[in-house]
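Number of protein chains: 2
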Amino acid sequence: MTVTIKDVAKQAGVSAATVSRVLNNSGYVYEDTRKAVMEAIDRLQYKPNEVARSLYKRTSKLIGLVLPDIANPFFPALARGVEDKLQQQGYRVIFGNTDSDATKEMDYIDTFLQHNVVGLIASVDRLHHEVLSNLRVPVVTVDRTAEELPAVYADHKSGGRLAAEKLVTSGCKQIIVLRGPQDAKPLYDRFQSAMQYLSEKNISVNYIDCQLSFEDGRQKAKELFNQFPNTDGIIACNDLVAAAMLYEAANRKRKVPEQLQVIGYDDITISEIVHPSLTTIHQPTYDMGIKAADMLIKLINNEKLGTIHEQLPVYLKERNSTVNGGI
Amino acid sequence: MTVTIKDVAKQAGVSAATVSRVLNNSGYVYEDTRKAVMEAIDRLQYKPNEVARSLYKRTSKLIGLVLPDIANPFFPALARGVEDKLQQQGYRVIFGNTDSDATKEMDYIDTFLQHNVVGLIASVDRLHHEVLSNLRVPVVTVDRTAEELPAVYADHKSGGRLAAEKLVTSGCKQIIVLRGPQDAKPLYDRFQSAMQYLSEKNISVNYIDCQLSFEDGRQKAKELFNQFPNTDGIIACNDLVAAAMLYEAANRKRKVPEQLQVIGYDDITISEIVHPSLTTIHQPTYDMGIKAADMLIKLINNEKLGTIHEQLPVYLKERNSTVNGGI
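Chains A and B, in that order, give the protein sequences.
Each residue of the first sequence is one higher than the last, beginning at 608 in this note's numbering.
Each residue of the second sequence is one higher than the last, beginning at 608 in this note's numbering.
Hints in this document: simulated from the structure, not taken from any laboratory.
A quick note: this is a predicted structure, and the numbers were derived from the prediction, not measured.
A portion of the hints provided could be inaccurate.
[Stated by the list, open to error] Straight-line Cα separation of at most 35 Å, DSBU-like style, residue types lysine-lysine; simulated pairs: (1) Lys711/B <-> Lys862/A; (2) Lys711/B <-> Lys711/A; (3) Lys911/B <-> Lys711/A.
Just chain A, same shape as in the assembly (with noise of 0.2 Å):
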């Protein structure tokens, strides 16, 4: 016979609701109340639910996600697949926005396991490692590198060669490419086999600093169309920045992918959406939070993991910016 919390509340003497109430650690209970409650549901092996169990046991199944801006169209899918893994298995996730911010970053952990967090994911910039390295939770960094801590993030070297090959082998003779903030990883790591592969194949290259929006991409076609007007290829840092290269190539009417090819970086929903759709290096995002979650997991319940550093392979998406299937 399954034992309910009736039969705890009889047992105990007590309502049903102050079972309840000490099973969800909500509201005021007296403490000989609790100790009750307690060893009524001892004595009859009483099971509450998983999350009812694991506040009884004084642990939590709280996951926190710390990422940068929910609202850049790149974390989104990233923030989902991290959510869809932890709510199989029980978990669930406090969430905040760091623009980046040292501060913010160092609060938002620190809040997050003052709320008994048993776990945290996190995509911090500013952040030393040693900070992270030393908390009391596992944590898991995504999209970021860090020799010392477990991390997941996708191939950004085969990412930049694969982007400059196919350019090259499209025809492209006169390629720009845009450089993204070199103090991030993934950007730097992107750009400098970009570059690496075209000076190997001797291809004629500028490049121009931009920032990830669509705003400063929209800056920066200006001056690239106005400086280089006999570009034929351009590189983006990512595919935002790629949309404000078509948009302007629209407003200048040159012809894509004809008289100019371009080629974004990360496949977000956009990329399909502009027009000529995209050409881009599609970056695992929605994988990249399912792993994370799952390396999280492991590392909570001490399982070995097979390697720290998780890297998921990232692949070219032909779409029609581009002259596909090369020349």
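Please build the complex by placing chain B on the supplied structure of chain A, with the hints as guidance.
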């Protein structure tokens, strides 16, 4: 002189780490030790930080946020608004994606309550309002209206009318309305009021049912251009669908806005990025998040609300997919 955690530890005859465990409710602490620490805190009038204090008082600073899908481009800005406001007030957000599935909606609400949330912000489609009305914490619904529940939403009746009015004053004579799912009140309201305006003005109008995705938009765009080749104005149910119309128009070399005007709804990021940029009805999505959080905090603090239904204004955002300034 400020009392520190060390003073409390000395008074209670334990280590600072033990005091911290008691305050943070983390790790196992003997009940006697816990009592000694609490007594020392009382005697010394030690003031731990907000979160630790709320745990001590056995209330939490957690708020549950239930959304259909963070990966849908409408919701990240809303979530960001909610989180920014709550963060300022020392609250933290647990969130879940329901895919508008009734079981998931109920599951999240249950487990969030088990995690001691002190309030909920919910954008739910399937749950009966009775369920939400009878929870033991306050609930604010967002983007959905319900007679009985506190709600924050945009003025979709005006939105639908504004869209129709814009196309009529810009000279459109043959209008197609893409009708979104009519079981969602925001979509019902905007469709009905657009149709009413058009019928008052005796404009020739047809409608086509359409889901809210770019993919379904692509499908319906093909039908539309085949079935109604003389269409000169399209009112889309959201920006993704409007983007699909622009995409198909470009494929068919229909000039926008000269031969065909298109208007979207929401003003998500892509509306700026597509070419031509999209005229749309701007929803104050981020502000809806802020307002919902604000209303919930008031309810938690038992403050009086001026109104339980907060309707925010929308406005016409003119870009390049319509003839601007009218005809």
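Now the hints, each set against the structure:
At roughly 47 Å between alpha-carbon atoms, Lys711/B and Lys862/A are farther apart than 35 Å, so this suggested pair is violated. Taken as a hint, the Lys711/B and Lys711/A pair is honoured in the structure, with Cα atoms around 31 Å apart against an allowance of 35 Å. This hinted pair checks out: Lys911/B and Lys711/A have alpha carbons roughly 32 Å apart, not beyond 35 Å.
Against the hints set out earlier in the document, a violation occurs for number 1 only.
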